[in-house]
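Spelled out, the chains give:
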Amino acid sequence: MTAETASPASSAKAGRKSRRRKRSAASIGLDVLNHGLLCVVALFFLFPFFWMVSNAVRGNAEVLAIPPRLFPNEWQWGNFVEAWLYLPFGQFFLNSAIVAGSVTAITVVVSALAAYAFARLRFPGREGILVAYLGTLMIPQAMLVIPLFLIISRVGWINTYQGLILPMAFSSFGAFLLRQFFLSIPKELEEAALIDGASRLRILVSIFVPMAMPAIGLLSLFTFIAQWNNFLWPLIVVNGMDKATLPLGLTMFQTQQGTAWNYIMAGATLSMIPGVILAVILQQFIYKGITIGSGFGGR
Amino acid sequence: MSQTSEPLATSRRPTSMARREAGTAILFLLPSLIGFLAFMLFPIVASLGLSFTNWSLLAPPSFVGLANFQRLFTTDPIFFTILGNTLFFTAEYLVLNIVISIGLAVWISSLKIGQRWFRVIFFMPTFTPTIAVSIVWLLIFTPGGLMDYVLDLLQVNFPNLLLDPNLAMQAVIVVTLWASVGYNMILFNAALDLVPQSYLEAAKIDGANAWQRFWYIRLPMISPTIFFGTVMTAITALQVFDQIFVLTSGGPGSSTATLGYAIYQNGFQNYQMGYASSMAWVMFVLIMMLTGFQFWLQRKWVHYDS
Amino acid sequence: MRTLTRLTAIALLGAALPLQAAIAQDEPVTLTWTMWSGSDAETAVWRHLADMVTEQHPDITIDLQTASWGDYWTRLPVQAASGQLGDIVAMQSLRAPNFYQILEPLNERIDGDGFDIDAFDSSIVGGLSVDDTVYALPYDVGPWMIFYNKDRFEEAGVELPEPGWTIEDFTEKAQALTSDGNYGFGFYPVDYAMFSSALGVDYLDEDGNLALNSPEAVGAAETLANLVTEQEVAPVVASGPDSGTITSGRFDSGNIAMYVDGPWVMVNKAQDVDFEIGLAPLPRGEGDLEAVTAGSGFGIAATSDNKDAAWRAIQVLTGPEALEYLGSEGRALPARTAQQASWFDVAAADVYGAREALEYSLEHSATYEITSNWNTVENLMNQYFPLALTGNQSPQQVMDTIQSLATQ
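Read top to bottom, the protein sequences are chains A, B and C.
Final position of the first sequence in the numbering used here is 299; the numbers increase by one with none missing.
Final position of the second sequence in the numbering used here is 1306; the numbers increase by one with none missing.
Final position of the third sequence in the numbering used here is 2408; the numbers increase by one with none missing.
Derived by calculation from the structure, the hints in this document are not laboratory data.
All residues carry an ideal CB built from backbone N, CA and C; glycine is no exception.
Be careful, since some hints might not be right.
Some chain C residues close to chain B (C-beta under 8 angstroms, calculated; not the full set) [what the hints assert, rightly or not]:
id: 1; residue: F2099
id: 2; residue: Q2403
id: 3; residue: S2404
All chains, full assembly: derive it from the sequences and hints.
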């Protein structure tokens, strides 16, 4: 069904250029319908966000009222401020930004280096290491938490940024994703550079990285978001408020004395803002092309 | 997985060129390998070791041989229910996820205006904090909640999803789809963006209709990306935990208990770390098998250029 | 020159080490105290207690480490597993049978120092003990009680509950309060234990083993399930970690007129709702009421290097002065009977019948009988009991399942 509505338009930019001719009213009507229908679908998709904000700005006692009310009896926009002031949210934001930002930066650099080796360099045991990397993606995170904590406590990194960052910064997903992309970059490009005497590092930085920007953008986005919302690891490593990240902060509204539903919703709404901004910014890197290379698996 | 290109390097005597290349490779791999050994391999080996112990976290572990695995397959009354639930969830969720995300990706790429905004909208749930996802959907699905109210207004007689043992898993699937369909959507949409416009124009001139252009050109061209998305989605689906933890706790009864949830429950709530580790290893084998199967299957449908 | 300084430094260090060991008793010591806290305000209260310790024992400084209530219990076993426990460990009575092995037994110290343990409410000392060994000194205590919506009672013309009321009185009132989609009562599966205790029903056998499928225990489950399935005076709840908070939220929104909770929620509750809250003891069965209590206290980690200092510290943390302060801040109903008045004046001031209900419940207080895997039992209750509320299974079937899964 989607393809039918999709067809007359094909892709936006190319369409605009190639079809300067006058378009029939029917075709315009179809476009409007196409956009309109997707808007309806999007509204359904957005409803939980409306519901989130609507519950964020009502009194706590109103959250579970039967029958539920779509809109609050009394709009309490001040809840955003109160939730922010109730806990050191500024500190939580900062911590989350430091952790998610550092993990993303390290992941991109480490993954790009490894991916280049996997995609372009021949060395003994290459396939074996690659399979081992892929294998680690299949182990549930919860199982690794305790041994990881043993390591971190042994080196004295509990309640530190490095303890929060480093164990999360070496996911094999990144190396794997970028390898797939690097494989699709034509060999001729680097061969010329090699003959000119360029070093491998130089080739990676000046040829592969720019060409792989979409994949790097995607990896950055996925990594940043996963870390921004990571819960289990910070929960284990952090002691107290000074290094707590946002997801931990949100659970602090659930206490022995009761649950502040409205504050959780308000805090969650605020905590989503950086993600939205990042997604909008990174889009321009991601689009204009990504293929998860030819040769994923068999070649 | 199925690669047998190993002999490449070993069949010939390594020339100095090859040795230099291997040297560079090691330098490039080093940061990743160090992290991998310290933060991946060691914990994984440790968890394998734990699966042969009865560690309770609070007292030192002692070796129990295969007792955990024996209990898993012979005496645990709900293990096979859990296994069945996990496979059921994975099958239904995987199919729906891939179909919906391809559908959305194609639909969005057909738009004349506002593509980027629609992408952000459908991607937004992926950065919603888990606790917020849970509460929002809980307030919708809980008995006497928004969904019951709306169905009541429409005078539709439908059981509450969270109370019905046959339907509870559907609630989990709906929430999981909402929360993560955006990843594949953005991946596939980006891949579609790369299909050369000239191919489509040429096909159009040859008289291919919209469905044919989708089925014979765009779909094969993005099939490597779809394969990647399918493998990754299957891996995460088999590990499903968050949504079940916050929404149903595996209930009512054992109707939504999955392996991922059982591992958490046994390890962190019942403090039977050894037993939880043995479950994790069963899950690992399961994922390996499914991934292997997918790699075998890809020869039949994934189209590689060149 | 540089070698010389280095040598001197080494020599000095070497000399200092044995000296330090010899005078360790009077050396200042830093104790780590792991505690739960849900806000800056709450953390400040615990900080104040920590300062009280330093004031009385200038050689002790306290490093306070907090986590939110739920997270605290996920982290504790991980810390134990890796030898990272604090010196002072906060412990709740419901978790004590699970965690007691990581704590230092206190009996010898109590006897040796002539510490007056009888100044505390006995039910909560029992709650923090396992096999007659005390593992933590309590700071608060609270019996489970019925919280009710006084306005709803008055609108419906139903007489307010009185201490000593029976399960029949209770059911009658719940029926009278149920109308227009609102319910007289609301509960979630874990309330089963407090309810059966109040009715004098045992769900453990004489040896303290789980006996959820004994005829008596199943009978109590039927009583509770019938409130939903037959009398329809309570709403059905789904399985899930939030079923308890949903029930409490439905009370706040005025949709259920009575529910079960403890005095620890009163600080926030009275401010959250726009009706008057009343408090009554749990209803009794044929015999006297047995009001089970919960509470928390502070223990010493078995792995601590500073046990003596920690013992001095927890005596201050649970001392009359500290508990008077906690009570007057409305934080906790003091576990010391003599200090309880301080709390009544603050937290119970806006709640109708609070003092009466609490005093009656504490007079009839009993230690909450639980097994060492109570955590598992509660999870299974949450997971399986809803099947009995929807009629998918009988209470007998459900209790059989929980019993078999919890004891496998």
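Against the structure, the hints come out as follows:
no., hint, verdict
1, F2099, "holds, 7 angstroms"
2, Q2403, "violated, 12 angstroms"
3, S2404, "holds, 7 angstroms"
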